[in-house]
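Residue numbers (this note's numbering), protein chains in the order written: chain W, 13 to 563; chain P, 101 to 442.
One or more hints might be untrue.
[To be verified] Interface residues of chain W toward chain P, partial, derived using beta-carbon atoms under 8 Å: (1) S65; (2) I69; (3) G125; (4) I126; (5) L127; (6) Y129; (7) V133; (8) Y195; (9) T241; (10) F247; (11) L270; (12) I272; (13) L406; (14) H408; (15) R509; (16) F511.
[Stated by the list, open to error] With a cut-off of at most 20 Å between alpha-carbon atoms, the simulated DMTMM-like pairs for lysine to aspartate or glutamate come out as follows: (17) K442(P) - D66(W); (18) K338(P) - E139(W); (19) K342(P) - D336(W); (20) K136(P) - E139(W); (21) K297(P) - D352(P); (22) K333(P) - E139(W); (23) K235(P) - E527(W); (24) K337(P) - D526(W); (25) K297(P) - D336(W); (26) K136(P) - E527(W); (27) K141(P) - D526(W).
[To be verified] Residues of chain P placed beyond 10 Å of chain W at every Cβ, according to the derived structure: (28) A138; (29) L139; (30) N156; (31) A281; (32) G313; (33) Y324; (34) W347; (35) T402; (36) I420; (37) N429; (38) E434; (39) K442.
The set of hints was computed from the structure by calculation and includes no laboratory data. All figures in this text were calculated on a predicted structure; none of them were measured in a lab. A virtual CB, placed ideally from N, CA and C, is assigned to each residue, including glycine.
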Amino acid sequence: MNAILNRYKRIHWLSGIALIIALVLSLPILVVTSSLFGGFGPTLAHLIDTVLSDYVINSLLLLLGVSVGVLLIGVPTAWLTSVCEFKGKTLFTWALLLPLAVPAYIVAYTYTGILDYAGPVQNTIRELSGLNYGEYYFFEVRSLGGAITMLTLVLYPYVYLLARAAFLEQSSNVLEVCRTLGYSRKQAFWRLSLPMARPAIIAGLTLALMETLADFGTVQYFGISTFTTGIYRTFYGLGDPTAASQLASILLTFVAFLIILERYSRRQHRYHSSSEQRPASALIQLSKKQSCWAWIVCLIPICFGFLIPASVLSYWSITQASFDGQQFIGLAWNSLYLAFSAAIVAVLLSLLLVYAKRIKSTALVVSANTVVGLGYALPGTIIAIGIIIPLAWLDHRIIEFVDHYFKIDVGLVLSGSLFALLFAYTVRFLAVSMGAVQTGFDKIKPNIDNSARSLGHTNLQVIGKIHFPLMRGSMLTALLIVFVDVLKELPATLILRPFNFNTLAVHAYELASDERLIDAAPASIMIVAVGLLPVILLSRSISNSRAQKAL
Amino acid sequence: MSNMRKTTIKLATISLLLTCNIAQASSEVNVYSARKEALIKPLLDKFEQSTGITVNLITGKADALLQRIRIEGKASPADIFITVDAGRLQRAKEAGILQAIDSEILNANIPQNLRDSDNLWFGLSQRARTIFYSKANVNPSQLTSYEDLADKKWRGRICLRSSNNIYNQSLVASMIDNIGAEKTLTWATALVNNIAKPPAGGDTDQLKAVAAGVCDITISNTYYFGRLMNSDKADDKKVVEKVGLFWPNQNDRGVHMNVSGAGVTKYARHKDNAIKLIEFMTSAESQAWYAAVNSEFPVLETAPVSKALTSWGSFKADSIALNKLGENNRQAVELMDKAGWK
């Protein structure tokens, strides 16, 4: 009896901490959404009368296009590299992650530099053919289709990464039983593999779409008015930060609605599969012709999402741009340690939050976790303002306190510090790490926890001895994605950073937004390079952890 | 918790806070700048060298920095707020984050219409937003004014940057002041009807579009053209060969001008240093630097200008009081929304 009581106490204690953390992390989002209660000014009426419908339509088209794009690339490549066997598969397995290291707006700049009317491709066409602009057909890069393509190219890895993990975890026994019941391979895929991988695929898609909604750099450069450019226009152009926050809150409501809808749609399904590794014999051996197709399917996204932009950036850096190597080491170091610390913090907090939900899934914990995850869809500047407000409030209390007792003016302690930056990154990217960690936990059947606990293990022991080893792959995935995301993050870094503190992304942005694309190339390629190393290391480590598990 | 431990924690906290304080007390000045690092840091470095005052810098978007200063309130470390357009300076004034500065040097160096009437902000460099045309397809004698770009003869021949851009917003704001909101709306609507392609990209992209034959006319800030002139890249030189610069409205109000400028924040802790820095930025040497490095027009009339600037010839500039740009900015954006200017 005593033991049971103790267990409940412990559960509450953990949930309590998780709730407090969730609350603190939701503060910026609550600050932003609190604007909804401040009354609506004339700005919204003006927007509704004029441009709001454009914003909504463009955003929806963008979401639709990116969904189709990332699914068409992400799922087949994930399936090929997990279930099939063909030459070069190992290489593709990690190379398909490479576009993750390239910020979307930089891909957009690069392709515009090559393909628009003033770029080398069209120049050559004009010189060779003697035709003038408009007398030959050439697609317009700076268009909605162009934006969809750019975002798809860099966002499909989210779907690939999570879908691949799901395919790998599917027990070959299940598939074999399916086959013995008379299903063809094709039927087995459509009726079993795909539905079983659905939660992971949807999780990946959700991340890609939230990032699409938050994107500003690409759509702005392409001249597409989306909901997010509208938010910035309201803030900067109309000079109305409150209306901008209100628009952002509407965006969040939409995202929350989608997330709830998705959860509701699979409310009765639970996917736990015993996660033994697929034996090599169970892999589908591709014929030569099939391998050829597999190569094409995998090479297209790698080429367009990574090889071409990276080569162009390298070429610009080497031949035309001027840069200072000494300065770059400093920038790279700042980016690196910031991204690494943020990744660690985000993954640890995700573990805590997801675990609290696992041991006691009350409505409060679930909704707190959902709110925390919304940060990913918010435009960076808006979330940054949402962060400065509570931090500055706390700072002012500290100042009053110290001034009252010690008569010292301490100035701002938290705002404008690296702490503020890390806080911002956690708020913004927690959805990503929580998604990956959640997928990891989902795969471990709750009855394993129960058996361990009934054998006298405490919750912490269960985590240490059972969850950690089983989830190594998922946690590394979470670490990797947050790392790369922070490396690329711009708007929050720009506004929250301390004095005299620059990162590669800030440097690249400053030059690019000053219309010096070529000079921005060295910093851009450095972002890719710094992001590359962990992508390679971690994807190896992820496969190693799987291999160990198989033994 | 024992008393001993409590005291230790307290002491640790205080000493931590004290270190923060000591770091702030030295001779320095803190700058929040919407001007890009590459276009301000060299000047700040010179100031550091000649005065020994350390300059700390954060760059970012003007409105976001303005919000940061506002929220940080009394405790804000910012001493100087720098923007690249008069509209935002006016917005800072209205937000109450600046303080009046009485400096003889600034009053002497900066013409009256390029600084705030209440001495809250000061223009540091001027940018002209003018008309550029394709030398192959347009005879400059066909050009007269911004208003004329709405004429049917330019149907499908104009490239425009997005109305998200502050320089377009300021141009429209100045027209609202000059010819009234109603006429400006008619003008903007007709202008948008004349565009060759949907607005996208920056000013440089519009200039390149004219050179590539996508359109015949565009509106751009002159310093982007100046940069192409100073570039040693072959592609940039070709653009300069094919594109001509035209000063519009020479018979009436003159070319639309904007300024980059600065103000001292209301709660500046290093007010004296801040004033010194702004004064330094209006010195002949600094003013020549603006012209040489970024092809901007100096506010100091005696400052020497670069070759690129002189090659464009002298022109009549619109002498509208610049706070009008800020005051009309919101109306300008609403008007462009109505005109369908994306």
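We went through each hint and held it up to the structure:
no. : hint              : result
1   : S65               : violated, 12 Å
2   : I69               : violated, 13 Å
3   : G125              : violated, 10 Å
4   : I126              : violated, 13 Å
5   : L127              : violated, 13 Å
6   : Y129              : holds, 4 Å
7   : V133              : violated, 12 Å
8   : Y195              : violated, 50 Å
9   : T241              : holds, 7 Å
10  : F247              : holds, 6 Å
11  : L270              : violated, 27 Å
12  : I272              : violated, 31 Å
13  : L406              : violated, 11 Å
14  : H408              : holds, 6 Å
15  : R509              : holds, 7 Å
16  : F511              : holds, 4 Å
17  : K442(P) - D66(W)  : holds, 10 Å
18  : K338(P) - E139(W) : holds, 13 Å
19  : K342(P) - D336(W) : violated, 33 Å
20  : K136(P) - E139(W) : violated, 37 Å
21  : K297(P) - D352(P) : violated, 30 Å
22  : K333(P) - E139(W) : holds, 18 Å
23  : K235(P) - E527(W) : violated, 23 Å
24  : K337(P) - D526(W) : holds, 19 Å
25  : K297(P) - D336(W) : violated, 38 Å
26  : K136(P) - E527(W) : holds, 11 Å
27  : K141(P) - D526(W) : holds, 15 Å
28  : A138              : violated, 7 Å
29  : L139              : violated, 7 Å
30  : N156              : violated, 4 Å
31  : A281              : holds, 14 Å
32  : G313              : violated, 4 Å
33  : Y324              : violated, 6 Å
34  : W347              : holds, 22 Å
35  : T402              : holds, 28 Å
36  : I420              : holds, 19 Å
37  : N429              : violated, 6 Å
38  : E434              : violated, 6 Å
39  : K442              : violated, 6 Å
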